[in-house]
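If you read the sequences in order, they're chains A and B. Per our numbering, residue 1 is the first one in the first sequence, and the count goes up by one each step. Per our numbering, residue 727 is the first one in the second sequence, and the count goes up by one each step.
Don't take each hint at face value.
With a straight-line Cα cutoff of 30 Å, these simulated BS3-like cross-link-like pairs (lysine-lysine) come out [claimed, not checked]:
1) B:K757 with A:K387
2) A:K356 with B:K757
3) A:K469 with A:K508
The set of hints was computed from the structure by calculation and includes no laboratory data.
Here is how the chains run, residue by residue.
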Amino acid sequence: MTTDTSRRGFLKGTAAVGAVLFIGARPDGAMAASGEPTMLTPFVRIDADGAVTAIVKHIEFGQGPATGLTTLIAEELGLRMDQISYDFAPSNPQVYNNLLFGPFQGTGGSTAMANSFMQYRQAGAAARAVLIEAAAQAWGVEASELDIVDGQITGAGNEAPLGDFVASAATLEVPSEPTLKTPDQWRLIGDASVRRKDSAIKGNGTAVFGMDLHLPNQMIAMIKRPDQLGATVLSFDDSGAQGVKGFIRAATLPNQAGVAVYAENTWAAIQARDAVTVEWDLSNAESRSSDEIKAEIMAALDAPAEYNVNKTDGAATEAKLAEAATVVEETFYFPLLAHAPMEPMNCTIEQTADGKIVLHDGAQIPTGPHMAFAQIFQLPMEQIEIKTLLTGGSFGRRATPEADYQVEAALAFVMTDRSRPMKLVWTREDDIRGGYYRPAFGHKVRVGLDGDGQIIAWDHRIAGQPIMKGTPFEQMVVQDGVDHSSVEGASDTPYQIPGAHFGLTDVKKATNILWWRAVGHTHTAYVMEVMMEKAAKAAGIDPLDFRLAYLTGGPDQERKAGVLRLAAEKAGWGNAPAGRAQGLAVHKSFGSYVAEVVEVSGTPEDGVRVEKVTCAVDCGVPVNPDVIKAQMEGGAGYGIGHAMRDHITLTDGAPDQYNFPDYEPLRITDIGAIDVHIVQSMEPPTGVGEPATPPSAPALANAIAAASGTAQVASLPMDDAGVRFV
Amino acid sequence: MAFTLNLNGETREVDAEAGTPLLWVIRDELKLTGTKFGCGVASCGACTVHLDGQPARSCQTYVDDAEGIEITTIEAMAENKIGAAVQQAWVELDVVQCGYCQSGQIMSAVGLLSENPKPTADDIDNYMYGNACRCATYQRIRAGIQRAAEILEA
Chain A
1 MTTDTSRRGF
11 LKGTAAVGAV
21 LFIGARPDGA
31 MAASGEPTML
41 TPFVRIDADG
51 AVTAIVKHIE
61 FGQGPATGLT
71 TLIAEELGLR
81 MDQISYDFAP
91 SNPQVYNNLL
101 FGPFQGTGGS
111 TAMANSFMQY
121 RQAGAAARAV
131 LIEAAAQAWG
141 VEASELDIVD
151 GQITGAGNEA
161 PLGDFVASAA
171 TLEVPSEPTL
181 KTPDQWRLIG
191 DASVRRKDSA
201 IKGNGTAVFG
211 MDLHLPNQMI
221 AMIKRPDQLG
231 ATVLSFDDSG
241 AQGVKGFIRA
251 ATLPNQAGVA
261 VYAENTWAAI
271 QARDAVTVEW
281 DLSNAESRSS
291 DEIKAEIMAA
301 LDAPAEYNVN
311 KTDGAATEAK
321 LAEAATVVEE
331 TFYFPLLAHA
341 PMEPMNCTIE
351 QTADGKIVLH
361 DGAQIPTGPH
371 MAFAQIFQLP
381 MEQIEIKTLL
391 TGGSFGRRAT
401 PEADYQVEAA
411 LAFVMTDRSR
421 PMKLVWTRED
431 DIRGGYYRPA
441 FGHKVRVGLD
451 GDGQIIAWDH
461 RIAGQPIMKG
471 TPFEQMVVQD
481 GVDHSSVEGA
491 SDTPYQIPGA
501 HFGLTDVKKA
511 TNILWWRAVG
521 HTHTAYVMEV
531 MMEKAAKAAG
541 IDPLDFRLAY
551 LTGGPDQERK
561 AGVLRLAAEK
571 AGWGNAPAGR
581 AQGLAVHKSF
591 GSYVAEVVEV
601 SGTPEDGVRV
611 EKVTCAVDCG
621 VPVNPDVIKA
631 QMEGGAGYGI
641 GHAMRDHITL
651 TDGAPDQYNF
661 PDYEPLRITD
671 IGAIDVHIVQ
681 SMEPPTGVGE
691 PATPPSAPAL
701 ANAIAAASGT
711 AQVASLPMDD
721 AGVRFV
Chain B
727 MAFTLNLNGE
737 TREVDAEAGT
747 PLLWVIRDEL
757 KLTGTKFGCG
767 VASCGACTVH
777 LDGQPARSCQ
787 TYVDDAEGIE
797 ITTIEAMAEN
807 KIGAAVQQAW
817 VELDVVQCGY
827 CQSGQIMSAV
837 GLLSENPKPT
847 ADDIDNYMYG
857 NACRCATYQR
867 IRAGIQRAAE
877 ILEA
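Between the sequences and the hints, there should be enough to build the whole structure, so can you do that?
Structure, rendered in structure tokens:
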């Protein structure tokens, strides 16, 4: 596996440009230096002309690893950010694996920086160590006298560009524990002026996303899909497509999931697919409506729970509820949601002259398609290469455990003679109607308060379809039958809640489902933060003070309280301008703590406007503060937009929505200013891609409730519950 | 059929079926992929180009109707004074995240600044409403347009 990188662009041309220094992992796993790319799998490449390339093992879909991992190498190596570029790593689950996933290369769970922080710093530090040692030997001085500043090795009266020493450095042993820069030496980590590495190409049309790839002689494939999720092909008729210029042919996929339509170009494929008719077998298809699914979930909330999540005494909680002065109760429903990233799914497959298969893809978990392709094409892993391209968003959609769209492409490709590269293209309708939805969930919570307004009991039932069960990630997250992704953010809340009891019931559905930006937290945070608000109101205590009372006792509580206080202070909590109302929410997810205060004007009847969001985040060491701010801005917007008006509904097993007109994205008119504040911290860095999403919707719900004096919406989306937005 | 297009100041001959959306001619035939396919129904703005200087959705413009019109895509924006200012502002403020919608955002932003050199936040919201960004970079789009206005005023 470790030699399976020699075709990559960043490994080419070594002869043409002279010596090259690679720093990476040897087959035995140790960090090493070499001038030969076949000897190791690199994290960094340094050319004799001084060009430095970080090999980024994570996909870039806006969340910032191309900037973040490059920052880590540049920091340790003594470079300015303009002295380093990046390239994406090929698929290699041994070396480029996510250290938090096990033997899977992949991006998810907001882990890119968390799992790479030490690894990429160590790679940069190893490069620095061998370059300085090589210079010290050449100059006859002590290594300790030398430093690298802006790419120049300096000290003891000498100075030379680091590229001068790549040949000799490549022959040296890397120290087993290279010395890392200490936080007081950091110049780039934590610097808010560091700019994204991918801004310019995304603003001038030169960035190449998967959809933009044009291989010579390529053809386009689209899949004719059923309306009912899970239906299969009985027969098809492509006579109508014969008249479409550029139509090549149509064929049923080997798994009968649809009909592959091949064409010379995208427009021909769209037209030809429209003209193909299919008779579907509905015997294994989803046949229910979303109302039936909802009824089943809600019924499960009232039946005895399948799992006692924290193995707590439910009878004791019932007894406390019976003696409570006040019981606050609410039942919640969260609908199916589509991810709808801007770039619809696509990928391109080609077979090389020597029989290898190359997948060009915005692969979020490259190991998934890599293993699937080995099976489909009956080839060893080494004969399959995955080239990772920029990707137009994901929000979880590009990371299906079964590599759905890549496998679909492979099945379509094996039905060709493989002489032409084939690009699979999805339309927006394929995306919105293609399943892989955030599962629907229901919650029922009863909170008991004593006469002083203190919580004495919290009974919390959750029902929905588990995401991780039956996937390769099951072992990591399912314990004693409990899929942690169904309860995360509720049963493991940092709030110190007396008398808490969590029950979970799995509701299994044929509809395929998937994690969606922040996974279980997308519903648990809403329930926790709306219930805290309702309980505070019932207790007659300010919602900020009420929450803080349950956030004492340890660092987990202190950090959560810290962002809550910071957001409240920056938002002017309790002093909303005239005509405005505030709502707050705080939530921990993926190791990061985010509090948001949403300020609204208007009323649900006349129309609510989101005027402002004030956000505080504690994500440990803030490596790229401006990227963190951007993720908070975007994460809050993503949560608010869906809570306002998005859902996927089914009628007789077929999605009712088609495209953006009926799955309306958040628009620029929907949201005002977002003001982000970052807690300075020396804790290890944690995620930022997802954690801003969970608290945004409950903060909005609490703000609307404050504005109108009505109860928070308990069944999303809000516009379905009568809230107008303007 | 053969069509003669005026694209980014050059005359380009293309072979396409009548009724083909300009989007696919630009992307598949002319291989200019900065103009993006997002929805195909003029609901997201990722495919925005300029037709005689006015922003238009290329997914809803037929190649037949595009002859005799000056078509401008994101690839030519650096040569446009307003386009260059918007691109500079976008980089200064790191407006982009995934970036897939941003060609369209920039084409619309240039359209706005061409008509209204000092837009207010409300002007921006009203003009940019049709350009969706699933990453929700709207706050920076607003700031980027105002920064571009400053650059142009200087």
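Hints, one by one, checked against the model:
1. B:K757 with A:K387: The given pair, whose Cα atoms are some 20 Å apart, holds under the 30 Å limit.
2. A:K356 with B:K757: Since the Cα atoms of A:K356 and B:K757 sit roughly 27 Å apart, the hinted pair holds (cutoff 30 Å).
3. A:K469 with A:K508: Within the cut-off at roughly 10 Å; holds.
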